[in-house]
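S.K.: Residues per chain, in single letters:
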Amino acid sequence: MTALRELAKVVRSKNAGPYEITFDVMFTDEATFARVRDSGVLTPARLAALYRTSVDQVRVCTFFAPALAFKLTLVRPGAQGGAGERDTFGAQQHAPLLDLEVPA
Amino acid sequence: MSGEFTVLSPVGMLGYGYREADFDACVAEGVDAIVVDSGSTDPGPSMLGLGHTLVTEESYLRDLRPMVRAVHRHRIPLLIGSAGGAGTDEQVDGMVALLGRIAAEQGISLRVAAIHSQVPHGLVRDRLAQGRIEPNVRGELPTESDVDDTLAVVAQIGAEPFEQALAEPVDVVVAGRAYDPAPYAAFLVPRGVEPGIAWHLGKILECGGVCAEPKGGGALATARADSFDIRPMGPEQRCTPLSVAAHTLYENSRPDLLAGPGGVLDVSGCDYEQLDERTVRVRGSRFEPTERRLLKLEGARITGHRCVFIGGIHDPVLIGQLDDFLARVEAETAALHPELADGTATVRFHVYGRDAVMGDREPHPVPGHEVGVLGEAVAPTPELAKAICTSARVGVLHLNYPGQLATAGNLALPLTPLDNPIGPVCAFSLYHLVDAEGIEHAVVREEVGA
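From first to last, the protein sequence lines are chains A and B. For the first sequence, my numbering gives the first residue as 1, with consecutive numbering after it. For the second sequence, my numbering gives the first residue as 1, with consecutive numbering after it.
Honestly, I wouldn't trust all of these hints.
Stated by the list, open to error - Reference excerpt, derived from the structure (chain A facing chain B, CB under 7 Å, subset only):
(1) Leu50
(2) Phe89
(3) Gln92
As the list claims (entries may be wrong) - Here are the simulated SDA-like pairs of lysine to any residue, each with C-alpha atoms no more than 20 Å apart in a straight line:
(4) A/Lys14 with A/Gly40
(5) B/Lys386 with A/Glu85
(6) A/Lys9 with B/Glu213
(7) A/Lys14 with B/Ala356
(8) B/Lys215 with B/Asp42
(9) A/Lys9 with B/Pro214
(10) B/Lys215 with B/Gly17
(11) A/Lys14 with B/Lys386
Hints in this document: simulated from the structure, not taken from any laboratory. Ideal placement from N, C-alpha and C gives every residue a C-beta, glycine not left out.
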């Protein structure tokens, strides 16, 4: 098992408009990209569980070969920039992905 | 015409600052246009709701001065998108006034084209009634009262108004709310660059040097019919296929199809090639025009007034029972303020050092040896918000708890005043696509400066 942070070059989160937060995981080589893709770890069910949300809040969960990337988009809880806001730019929601264990 | 056009974006956001020496060096090598983005919805709805600009006038002036000098000296256009942060008409006019001040300082005159992108409320009400507004990504439509309460409505313009502004000689185009890549497409597509290439270039360059390693500062791209080359403005930075591809995905819900006004950019067949140490060539981006013309409306309204306090708790006895304790504070505060019970006002706590960033989505809810408590009261008036905030703060500071040893006070307070009104709270009341049939954005030309 290897943590995702050891395999990826970019792991980040950001607003995609006021209603969604999108996550990018990017790899530097095809072998690592394929290893993570084929591990079956990054699925809507697993990621919804990791983020303590329901699968219907997962809008995009896909690997994108041209950029050696994985993309996850979750519906944002609450209203961006309103009362109770936790992360206006959505830029610090990525951390749980860092420690995801990927089988060899 | 050479068939190659270089566009420079000295900074990802006007007013954030950039290195003038790097900018001058790039301009001296020859650029055909300077494009800079000035707005975003990332900082939330308050700029639109309250008319605040993203940075101060001084910061805008500092960033604009070298650009104006370059525009005048090299006779190249400067295109500014989403002026001021939200791109309201007032922010467009404010930006034009700043350009006038700089031109006067420099003893020059500038031909400025202003594009206003505000939309009248009546038009929004009519289209809502006609079913010509689409639900947002959460499936919600605005109500009529959302529209009534909205302070300003802007429409995210596409390339057409910029093209119109560029059709006659102009030094600076100042646009209201605009789709970030639109000014790039407007400059490049009429010069023979394929729309897919132009929109993709704009999508990456609008953030300046965020597509570089290390990220930051500005970037420039040279486009020709079917490809573009991109490199950072700072000589110590580089673009790589990964850094540029990563930026293509940035801020989009989908990695492959990027929807904008006028069409969809398809980057699924793209190719990123390292051209030299610092430059990446991009090919294969395609643009599919959409049949129906749609514009995204943005509007914000005030939902209340906010007052906050912040403090730290280090006592392990209290940290061990913090949720119960804060629930008791909330109940005590509600006993003093019936507006909390009837829902006209709210009080919330964010516990820093434990779940404050992710809330219910936090998979590792482990408290630190100290935690920060941010109390946030929201009410219909600033006075009531402050009264509730004070009660909540006094509650956190002095309410007793089981096992208490530290009877002098529960909270380390870093700020005085202890309770701080921070003004109105806004929410997006409109963030919806509208049938754009009949919505036009006039270009107003004027000469400013000496």
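S.K.: Next step is simple, just say for each hint if it's right about the structure.
M.R.: To see whether the hints hold, each was checked on the structure:
1. Because the closest C-beta pair between A/Leu50 and chain B is about 6 Å apart, less than 7 Å, the hint holds.
2. Satisfaction of the interface hint for A/Phe89 is found here, the shortest Cβ-Cβ separation to chain B being roughly 5 Å, below the 7 Å cut-off.
3. Hint status for A/Gln92: holds, given a least beta-carbon distance of 5 Å to chain B, under 7 Å.
4. For the proposed pair A/Lys14 and A/Gly40, the alpha carbon gap of about 24 Å is over 20 Å, so the pair is violated.
5. For the hint linking B/Lys386 to A/Glu85, the alpha-carbon distance of about 19 Å falls within 20 Å, and the restraint holds.
6. For a cut-off of 20 Å, the pair hint linking A/Lys9 to B/Glu213 stands: about 12 Å separates their Cα positions.
7. Straight-line distance between C-alpha atoms of A/Lys14 and B/Ala356 comes to about 17 Å, which keeps the hinted pair within the 20 Å bound.
8. A threshold of 20 Å between alpha carbons decides the hint, and for B/Lys215 with B/Asp42 the separation of about 18 Å falls inside it, so the pair holds.
9. Taken as a hint, the A/Lys9 and B/Pro214 pair is honoured in the structure, with Cα atoms around 13 Å apart against an allowance of 20 Å.
10. The suggested pairing of B/Lys215 with B/Gly17 holds, with an alpha-carbon distance near 14 Å, which does not exceed 20 Å.
11. Taken as a hint, the A/Lys14 and B/Lys386 pair is broken in the structure, with Cα atoms around 32 Å apart against an allowance of 20 Å.
In summary, the numbered hints that this structure violates are 4 and 11.
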